[in-house]
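K.L.:
Below, each chain spelled out in residue letters.
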Amino acid sequence: MRIGTLKTSYAADEALFDTRLQKLLLVLALVAAVLFPFVASPYWLFLACLCAINVASATGLNILTGYTGLVSLGQAAFMSVGAYAVAVLEIHVGTPFLINLLAGALVTALVGIGVGIPSLRVKGLYLAIATIAASVVLHFVFSHWSLTGGARGLSMPPATLFGVALDQPFQLYWPIMPVTVLMVLGAANLFRTRIGRAFIAIRDRDISAEVLGIPLLRYKLMSFAVSSFYAGLAGGLWAYFFRVVTPESFPLVNSIFYLAAIIVGGMGTVLGGILGAVFMTMVPEVLKFAAGMVTPFYPDALALLAPVRTIVFGALIVGFLIFEPHGLAEIWCRIRRFFHLWPFKT
Amino acid sequence: MDWLFLTEVFLAGLGAGALYAVTGVAFVLIYKATRVVNLAIGEILMLGGYAFFGAAAGWHLPAWIALPVAVLSGALVGAVVERGLIRPMLGESPISVFMVTIGLGSILAGFVQVVWGADPLRLPEFMPSAPIFLGEAYLAPKVAYGFLAAMLVLAACVSALRFSRGGVALKATAADQGAAYSVGIDVPRVFSLSWIVACAVAAGAGVLVGAIGGISPTMGVFGLSVLVVVIVGGLDSMVGALVGGLLIGVVEAFAGTFLGGEYKFLVTFSIMILVLMLRPYGLFGTHEIERL
Amino acid sequence: MTGAADDVILSVKGVSLAFGGVRALTDVSFSVRKGSITAVIGPNGAGKTSLFNTISGFYRPRAGEIVFGGRNLAGTAPPERARLGLARTFQNIALFRGMTVLDNIKLGRHAHMQTGLLDALVYRGRARREELALRAEIEERIIDFLEIQHIRNAPVATLPYGLRKRVELARALAMRPRLLMLDEPVAGMNREETEDMARFILDVKEEWDVTILMVEHDMGMVMDISDHVVVLNFGQVIAEGSPATVQADPAVIAAYLGAGDLGRRLSAPEAA
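Chains as they are written, first to last, in this note's numbering: chain A, 1 to 346; chain B, 1001 to 1292; chain C, 2001 to 2272.
Think of the hints as simulated: they come from the structure by calculation, not from any bench. Where hints are given, some of them may not hold.
Covered stretches of chain A, going by a simulated chain B footprint (3 or more residues, C-beta under 8 Å) [stated by the list, open to error]:
| no. | region |
| --- | --- |
| 1 | 121-132 |
| 2 | 137-147 |
| 3 | 258-269 |
| 4 | 300-310 |
| 5 | 321-334 |
Ranges between beta-carbon positions, derived for each pair [unchecked claim]:
| no. | chain 1 | residue 1 | chain 2 | residue 2 | range |
| --- | --- | --- | --- | --- | --- |
| 6 | A | P251 | C | N2190 | 57 to 67 Å |
| 7 | A | P251 | B | H1287 | 32 to 42 Å |
| 8 | B | V1221 | C | A2133 | 52 to 62 Å |
| 9 | A | G319 | C | A2187 | 35 to 45 Å |
Chain B regions said to be covered by chain A (calculated; three or more residues, Cβ under 8 Å) [as the list claims (entries may be wrong)]:
| no. | region |
| --- | --- |
| 10 | 1085-1097 |
| 11 | 1101-1114 |
| 12 | 1216-1227 |
| 13 | 1271-1282 |
Remember, it's a predicted structure, so these values are computed and weren't measured experimentally. By construction, the Cβ of each residue, glycine as well, lies at the ideal position given by its N, Cα and C atoms.
Please model the entire structure based on the sequences and the hints provided.
P.N.:
The structure is reproduced here in structure tokens:
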């Protein structure tokens, strides 16, 4: 049951975390996030970093697709822009780590605006197809440009922060996790203001949005810019994490992965982006674990891992769209509602 | 300029384009009837190629049995997919249905890899291999027979659409589902049939594509070229699929020959972007006026 | 009636509109006096909604001009018109279904807020102040006024029709309108709901100092609350004046009863 949540100001009612229980959980989660690197093995730290990067990118895609209703199959291509920008800066210019990340994200935002320009004229599926075309063009550019190392790509030295080389998951966790948390908070804030509301208005009914004084092109481009900024930042983190960037690092399948993540998590909720990205990142690991379990009985299990993963991804997209279109976030809300009424309703 | 060489490139392009066209027609059929953009068409085509391989190489059936097996397996997949995945999504946003087909493509790609492995395979030879000359220009026999077969299927599709009861029902459904239903057309049946026929056609095209270039789990990429074809031609136009298919086939052949294979996608996708910007409904598509 | 320029808030001068070969509006002229309630009536397909869409800026008239608050609106995009104080509701309710009532109303203020993208991402300082001030104003002025406190956090999709109409009015009020255009505000409502809405419209005019231009089919309500009535038929103004004058006009009676031209009306294309 939910008690003691009387609000006495509009500020309290507009807060992101409005109950004491929520605030308590938030503090606990932060403490856990800080303590995690000291107790977890490198494998779990690696996964945590990967989850965080995917959460950042999925949150970006959620802003564009979930909130603004502009379907993009170019999120991976946008990440590649950020990753290449960061790699080029690190190798050829030698600017500091955080500046590279920011510059990479800004460059990606500009590319995103360019890709978004057709969005006033073409919408819905046509736009999704245009983003596929943009991915093809970007892939071509990266595999033919001498600056980006052609088909061989670029290898990077580890990032350094305050004189410490970040070459282990333990070190990389410290920049990746806070950056992701800040990005998610930024997205949550965005949807408490006029800008976020304008995005949703465009998604729900774009012509009447104009009557309310929302210039469509400007806000669609803004959504593209924010979303690709997120993708670029995630791509930059990715580059420092894996330290090799090639044209094949970000195939179209990865764009489908992020789309699947927000479908499974729940489109148009910040929580959905987080849950979906973590879930989809963990699925292959669970499958790997399962394959390891059955190998003694069925020696070829590991060989089947890749195709089974493809099938599971597809099945998750289809299954969630048909049976749970609002995703994991909706399931989470149902659980919360249950406890609001508990113990009266059992 | 070597005109003979140019002619040969052009003919090869037409041959490849005919396969795009026939797959494009399958795509358009589904779109016309159900307004579903089926991004899994490339994977269904791939499944046709693998079904033929399974029947011909796995069960050692002769080609004239293996081909119907492949086509029927396509039809079966079409029926199951329409009933199981697409029908429940009726009334959902087109974007959601679009994403269901992306998921479906992923499932099919994984499936063939589980059954037949990840390595590329060659289909058993089943077409005559005597070289073919048009005038002096050489044409690979498989490409020529593929072109002929594709044209036959296209002609069959177009005449069926024009002259049969089913074709009229399809057109009525495409124009207005509610009105079609109220004059006694079994709209759900039109949905089912369009998926069955389209997937059968795509699977048949898969056998031809596989015979020419071999089969592999990444063959679904063919679907991306088909997407370009139907966007250029117009999502709801059979003529558009035909013209667009031949056009894109020829453009790819010239780009591949004179610029290099990796330029094919760049050139065709650039054409697509151009069409999207200038004529989003395609060269032959219906321009829908948006109402408030 | 043309009136002195400072007395008129909106004037439509010789507006013609066509879709392909179909003429939706032909040489339509009328003006709306500041502080009045002006109603546009006419049979179905007379071009009333086309007229609204032209004033909103969705359609570009083939000829003529629209002057709002002394400014010619030619070349002004719909969002800019909203900023100038032109608010409207839609015939088939254009609320954002996925949002709560409160968020829908907040959207109305969009054009008058300053928060930029970076402010929004951090939600400190101006963004926060502006959002909280807006919330307070909506609660105290609009939600109380329209008596929709009980549904403020409900998703719009779950509301009954009459309440949705009221929420749409609330959103339009949040736009700080100078001219409020209502497209069939009481269509599909029962007697009681219609009376409520009529009372709200009159109160808006009195308390908010907003001029009202509405399209409505409910003759009873139009005649009760309007100061001025414009009658459209086949895209042309066939009469205008006070409710009593219009009611007695033979051309209007003919248009409504379809004396002699029923066949013509049936064959006329729907332009709305």
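K.L.:
In ascending order, which of the hints set out earlier in this document are inconsistent with the structure?
P.N.:
none
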